[in-house]
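With the hints as constraints, model all of the structure from the sequences given.
4 protein chains.
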Amino acid sequence: MPATLLKLACPDRVGLLARLTDFVATRGGNLLEVHQFTDSLAGWFFARLAIDSATLGAGSAGLQRDFAPVGEELRAEWTIRDEAHKPRAVILVSKLGHCLADLLWRWRSGELPAEIPLVISNHEDLRGMAEREGIEFRHIAVPAQQKDAAFAEIQRALDDAGADLVVLARYMQILPGSLCARFPGRIINIHHSFLPSFTGANPYQRAYDRGVKLIGATCHYVTGDLDEGPIIEQEVIRAEHFHSPADLLRLGRDCERLALARGVRYHLHNRVLIHGGKTIVFRD
Amino acid sequence: MPATLLKLACPDRVGLLARLTDFVATRGGNLLEVHQFTDSLAGWFFARLAIDSATLGAGSAGLQRDFAPVGEELRAEWTIRDEAHKPRAVILVSKLGHCLADLLWRWRSGELPAEIPLVISNHEDLRGMAEREGIEFRHIAVPAQQKDAAFAEIQRALDDAGADLVVLARYMQILPGSLCARFPGRIINIHHSFLPSFTGANPYQRAYDRGVKLIGATCHYVTGDLDEGPIIEQEVIRAEHFHSPADLLRLGRDCERLALARGVRYHLHNRVLIHGGKTIVFRD
Amino acid sequence: MPATLLKLACPDRVGLLARLTDFVATRGGNLLEVHQFTDSLAGWFFARLAIDSATLGAGSAGLQRDFAPVGEELRAEWTIRDEAHKPRAVILVSKLGHCLADLLWRWRSGELPAEIPLVISNHEDLRGMAEREGIEFRHIAVPAQQKDAAFAEIQRALDDAGADLVVLARYMQILPGSLCARFPGRIINIHHSFLPSFTGANPYQRAYDRGVKLIGATCHYVTGDLDEGPIIEQEVIRAEHFHSPADLLRLGRDCERLALARGVRYHLHNRVLIHGGKTIVFRD
Amino acid sequence: MPATLLKLACPDRVGLLARLTDFVATRGGNLLEVHQFTDSLAGWFFARLAIDSATLGAGSAGLQRDFAPVGEELRAEWTIRDEAHKPRAVILVSKLGHCLADLLWRWRSGELPAEIPLVISNHEDLRGMAEREGIEFRHIAVPAQQKDAAFAEIQRALDDAGADLVVLARYMQILPGSLCARFPGRIINIHHSFLPSFTGANPYQRAYDRGVKLIGATCHYVTGDLDEGPIIEQEVIRAEHFHSPADLLRLGRDCERLALARGVRYHLHNRVLIHGGKTIVFRD
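One line per chain: the protein sequences are A, B, C and D, in this order.
The numbering of the first sequence is the numbering used here, which starts it at 3 and goes up by one.
The numbering of the second sequence is the numbering used here, which starts it at 3 and goes up by one.
The numbering of the third sequence is the numbering used here, which starts it at 3 and goes up by one.
The numbering of the fourth sequence is the numbering used here, which starts it at 3 and goes up by one.
Hints were generated in silico from the structure; no laboratory data involved.
Backbone N, C-alpha and C fix where the C-beta goes; we use that ideal spot for every residue, glycine too.
You may find that some hints are simply not true.
[Said to hold, decoys possible] Facing chain C, a subset of chain D residues (Cβ under 7 Å, in silico): (1) 16; (2) 17; (3) 24; (4) 32; (5) 246; (6) 250.
[Claimed, not checked] Below, in silico cross-link-like pairs of lysine to any residue (SDA-like), each with a Cα-Cα straight-line distance of 20 Å or less: (7) C:280 / B:212; (8) D:97 / B:113; (9) A:97 / C:111; (10) B:280 / C:208; (11) D:280 / A:63; (12) B:280 / C:212; (13) C:280 / B:249; (14) B:280 / A:286; (15) B:280 / C:246; (16) A:97 / C:97; (17) A:280 / D:208; (18) B:280 / C:110; (19) A:280 / D:280; (20) A:97 / C:113; (21) B:280 / C:244; (22) C:97 / A:110; (23) C:280 / B:204; (24) C:97 / A:113; (25) D:280 / A:286; (26) B:280 / C:204; (27) C:280 / B:55; (28) D:280 / A:244; (29) D:280 / A:240; (30) A:280 / D:240; (31) A:280 / D:286; (32) B:280 / C:113; (33) D:280 / A:246; (34) C:280 / B:280; (35) B:280 / C:250; (36) B:280 / B:187; (37) D:280 / D:13; (38) D:280 / A:247; (39) D:280 / A:208; (40) D:149 / D:115.
Next up, the structure:
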């Protein structure tokens, strides 16, 4: 059953859920799935409603139109999206292919409901992996002295591709603040450590040096603050004294793949809301 | 904030959640937490609403009275309970004390909102553990030839204690069907294996013999069918070739304690619904 | 450092490890890694020694020759292998590609030290996935009425490919006993349940029907007894009431991929010993 | 079988394990368990040998005497201990009792092979918990203005109790460097976060504020550097958006109990070696 997804965050007040469910019921909408969370400390309300699109007389466009005044009254941030319309995701990579390979395989198998029109890289290494799936691969070098030009080109490429989502699948360049600002809550990164441990470079080597007994990976939204964006998902695996830095790298790859794939999937299903630098994730 | 908890299961139909939230809003009730699940395969609807008791003019008794005709109309199984009224839990044990020690510690620390008026055992070993917490301990032997009499006595003891919940914390006797039937969905057991693997006796030895690489424990409701009741929670831990049966027993104890404690806690918070031999658990 | 791997299992006696380490030291061998396990219940001794090949004057062939009388004296099952000589692994698949995709990716990235000369399938679906990696793909149909002929053809293909290892990566046919017997301890299967739970067909549906709270996958050696072979690795993931059978299938795929990849890797590194229907796994 | 435990760390050289196993075999010792690890990056060798005490003619004292020149020659740090001689562990606590309750229960059940002659606290709250197990409880207040005197008294108490090991089971005071130096590698602490995340105070609140999706606990040796000592064990549990700081505290308690109990157990079994600020843990 294709669903229409209503996602909403607003100041809490009495009767909000009744208001929303009434709104849907009045339009004949059959609720397939309802998630709600009240953050009583912050006084904020979050909800995700999945409505059987076939039961909505006026379609998701009609619902969107009708909901506008309600959203305004509630001072809500909200979106309504028809699942039939898939988001367009552009993937940025460098040389390491494990995350890209994993995303592409999941996408092919139907786990990730997105269009993937483009893969961008600052290296040529992964061209074959993208093109064999029929996806355009674009090499945009990022020389140390010409970063501004490079990221301007990346931004144009994202615009041309109509990117709804940008996935940094082990992209080893730091995005400029302007680019981050253009895609608020729509750039997802995988960091190869269990944040806030080991922010920055070489986390596996530093985990090795510190002698931690678990290593991990963190999937998060990208903001101007490096490694400080809202966390969507984290994964860990046990490390032992006999694991060399190379072993940690190998074990960590599985964490990275799982955390990134889950984070991207949650996002694509409109299951993530951002508030106060944190995420609400209505997992499936 | 003490809450009034409405738990409900009924055949699915359009507008159910709107109906419930309206019902609460009309009575001034402020929703603290809402969980809902529609099992579209079974065509069944499940919900748990936590309502700020202070906002309910007529109290939880009033809500209960008002809801009765609604529940009937929806052909629902439902309960309304004021959290201020704690369930009375009786714990049954044999000789092994790890689960009892754990439950008592969590109870003392406030993790388990229950009265514990009584511990029953077919052995004397754990008397001290119960009595030092000020809990009555009753030894009811279960001789092979006089089981009927023993379980009749247990049943009277449970009735006298006003038991709302019976917890089998490694109680090594099989309850008769009549006793199970008297507490439907209100007897919780911990089985020391990852069900449905290793039903019956000596699961750790059998796990050892089979050479499994993970062992576990299962917290489930007790029905007349041994080890077949609805599962509430399961926990696992990694086993390796160097673990003897005694090691598995030791490692498994931690699984048992965690799975039992979580299962009991979910139940005490009215977070578990049973349907078709399975559970819906709105976890916290 | 390329290593020479000595793997050995024999009846326990005093001084075994001294005997082995002496044997290596006498030949100038530098031990890189030593694992030893004494199963005191079974009275059996297991060891794996990784020796720096460069320090062995006579090479691994010389070591093998010299060790023969020692192995005989100890009544040991043993192998000596130079890591430089990679085992030849043939992969059998049906229609589902997630395990094959994962194995091929890990192989490409260097996680799996093997030659993969051939992929065999009873369907055409995964031809592209194999051939784009430069691996021969052979379609051998297994019609219900001509199974004997089909498996005879498979056996010839395995022989022609010089298979040291056969990996069943969600191959949905049951191998005949004769084929199993030809590759003792050298056929690895992934079963899509947490064995011994849900042996046989449709484990995810049955896990759903039972309402388990964790699902899993099991990587094991294949013997004539279906789903009863020695277990190498198991992996689990949490299941909740809102997971449909399709969700369990999706979540389970990640368990399958991880468990199979680890099991195959352990085997390829000579880290697995089989004894009494169980495995000793010296993990890395 | 009571064992004699030889634990050793020294610069790596060829033939070390042969040397050690020969040494034991020559004295008639039957090896029950052997662990060895060569850190090829650091050029260091680590081993733990468990020898059946009954097979040692001259006993563990004799072994110790004989091994002294060998240890010197190898420039090794080493200990030989007869398991029959249990270490004396003193536990320090403040007001929170979950870790103490857990340690005491495991100790009673035989999981922790130690004498526990004394519990010290800067508060009176947990007196009952210790005394009901027959353990002396000593209240040593640590007023802000008289810390030196307080810790001098603690040191005397530890000396009087003949402490081999000091366990900080949520002791909320920072030990002075002089006390740390007096028990090198013999003070174990549980920190209520997944180090190096959230060193210092209030880790659960800070984990909540950061919005992490997993929280954890770290068991480590105490050095003069707060939260920087060698890590023995870590444990994590999943956190979700609906978990309040109080929920994280509750969930974290289980991580703390497990990580601390495992760390203390490994230590008591002489399974931990410290080198370069990290630990080698030969787990059981």
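Practice item. Would you list, in rising numerical order, the hints stated earlier that this structure does not obey? Key: 5, 6, 11, 16, 18, 19, 25, 27, 31, 32, 34 and 40
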